[in-house]
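Q: Assemble the whole structure, with the sequences as input and the hints as a guide.
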Amino acid sequence: MSELILFWCLAVLMIGSAITAVVLRNPINCAMGFIVTLAAVAGLFWLLDSRVISVLQVLIYAGAIVTLLVVVIMLLNVPDEKLPQENHVLYWVGGLLILAFCIQAITFPAGVSPDKADILTYEQASMTTTNATPQVAIQHLPRDQRIQREREVFGTMRQISGRIFGTPTTGAEEHAAPRFGPYMLAFEILSILLLVAAVGAVILTKRNL
Amino acid sequence: MITLEHYLGLSLCLFFIGAGGVLARRNVFVMLIGIELMLNAVNLTLVSYGRYLGHVDAQVFTLFMMAIAAAEICVGLALVICMFKHKRSTTIDDFATLKQ
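Taken in order, these protein sequences are the chains called A and B. Per numbering that gives the first Met the number 0: the first sequence = residues 0 to 208. Per numbering that gives the first Met the number 0: the second sequence = residues 0 to 99.
Hints may contain errors.
What the hints assert, rightly or not - Over 10 Å on every C-beta distance to chain A, these chain B residues come out as not near it, computed from the model:
hint : residue
1    : His5
2    : Leu36
3    : Ser47
4    : Ala95
5    : Lys98
Unchecked claim - Pairwise CB distance ranges, derived in the manner of DEER restraints:
hint : chain 1 : residue 1 : chain 2 : residue 2 : range
6    : A       : Gly62     : B       : Thr96     : 52 to 58 Å
7    : A       : Phe100    : B       : His5      : 15 to 21 Å
8    : B       : Val74     : A       : Ala185    : 18 to 24 Å
9    : B       : Ile91     : A       : Val198    : 24 to 30 Å
10   : B       : His85     : A       : Trp7      : 15 to 21 Å
11   : B       : Leu52     : A       : Ala185    : 17 to 23 Å
12   : A       : Lys81     : B       : Thr96     : 28 to 34 Å
13   : B       : Asp56     : A       : Ala63     : 30 to 36 Å
14   : B       : Leu52     : A       : Met183    : 22 to 28 Å
These are calculated hints, taken from the structure and not from any lab test. Even for Gly, the Cβ is constructed at its ideal location relative to N, Cα and C.
A: See below:
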């Protein structure tokens, strides 16, 4: 029950701040609304038992991407009178279109959807994913198992810090290998993509090469 | 009880709000924010499907998408700076030169 209340709070916060991020005039206010949206989505990820993704959402999106956005907005510092004249008729047309699309998509579901039998209920999903990831669905376990699991999660953190500061440990690899193992190549290509993006950004903005 | 449809409806709304922002606004920054909102909606869909179908792989894909979003905003903002240096403006209508 408390999860449902939390879900609706986060949903209202997310939709409200997303609308704020899109309709406000000054881009810096839009960026602030965007941060709140990202925080609400991170909360939803947490509610979906993917806590690693939730933390990374805050770190990467709210930490890195929004910071970059805000820095560029403040760097360019467009004065208020030079901001683009928005066409408010378009807002109404866009809003109505969005509403129509949402109603259409909710009432006429698309043909490609998983079998009803494949979709797990909330409790079933908690049970299945508990075996796969060490950090899910702690709240559904009995007390002694929950303590054990929390120990595992925080133990992993301690092991990672131990790796940095020199305590002999194992464990981080065991948790990461089944997740990232099959995607090792994609992961490496992604790092090349990030490097290319960084180099491209520098070349684009450099005054004379 | 929260079902899969709850999350799908929510990410649908987020996606269309982002799409509306991209289509209706003329400020380049707000258009970039709209693109990011759409990417976030897709992330939410991935994670909720992964949760309710019992696949952990979806979280790995979400991680990849976050990195791609970071690369996209990096290049996008570089382009915005580049455009601003040429025309001293962040209005998208000033850059419709290919149309003329």
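Q: Each hint needs a verdict: does it hold in this structure or not?
A: Structure-based check of each hint:
Residue placement check: B/His5 does not keep its beta carbon more than 10 Å from all beta carbons of chain A (closest about 7 Å). Non-interface status of B/Leu36 relative to chain A is broken: a Cβ of that chain comes within 10 Å, the nearest being about 6 Å off. With 10 Å as the threshold on Cβ separation, the claim that B/Ser47 sits away from chain A is violated: the shortest Cβ distance comes to roughly 6 Å. Every beta carbon of chain A lies more than 10 Å from that of B/Ala95, the smallest distance being close to 12 Å; the non-interface claim holds.
Residue-level check passed: B/Lys98 sits 17 Å from the nearest beta carbon of chain A, beyond 10 Å. At about 36 Å, the beta-carbon gap between A/Gly62 and B/Thr96 misses the expected band of 52 to 58 Å. With their beta carbons about 18 Å apart, A/Phe100 and B/His5 fall inside the hinted range of 15 to 21 Å. Distance hint check: the CB atoms of B/Val74 and A/Ala185 are about 20 Å apart, consistent with the given range 18 to 24 Å.
Between B/Ile91 and A/Val198 the CB atoms are about 26 Å apart, so this pair conforms to the stated range of 24 to 30 Å. For the pair B/His85 and A/Trp7, the supplied restraint of 15 to 21 Å is violated, since their beta-carbon distance comes to about 47 Å. The supplied range of 17 to 23 Å is met by B/Leu52 and A/Ala185, whose beta-carbon atoms lie about 20 Å from each other. At about 19 Å, the beta-carbon gap between A/Lys81 and B/Thr96 misses the expected band of 28 to 34 Å.
A beta carbon spacing of about 24 Å between B/Asp56 and A/Ala63 contradicts the range 30 to 36 Å that was offered as a hint. Taking 22 to 28 Å as the suggested C-beta distance range, the pair B/Leu52 and A/Met183 conforms, at roughly 23 Å.
Checked against the numbered hints above, the structure violates hints 1, 2, 3, 6, 10, 12, 13; every other hint is satisfied.
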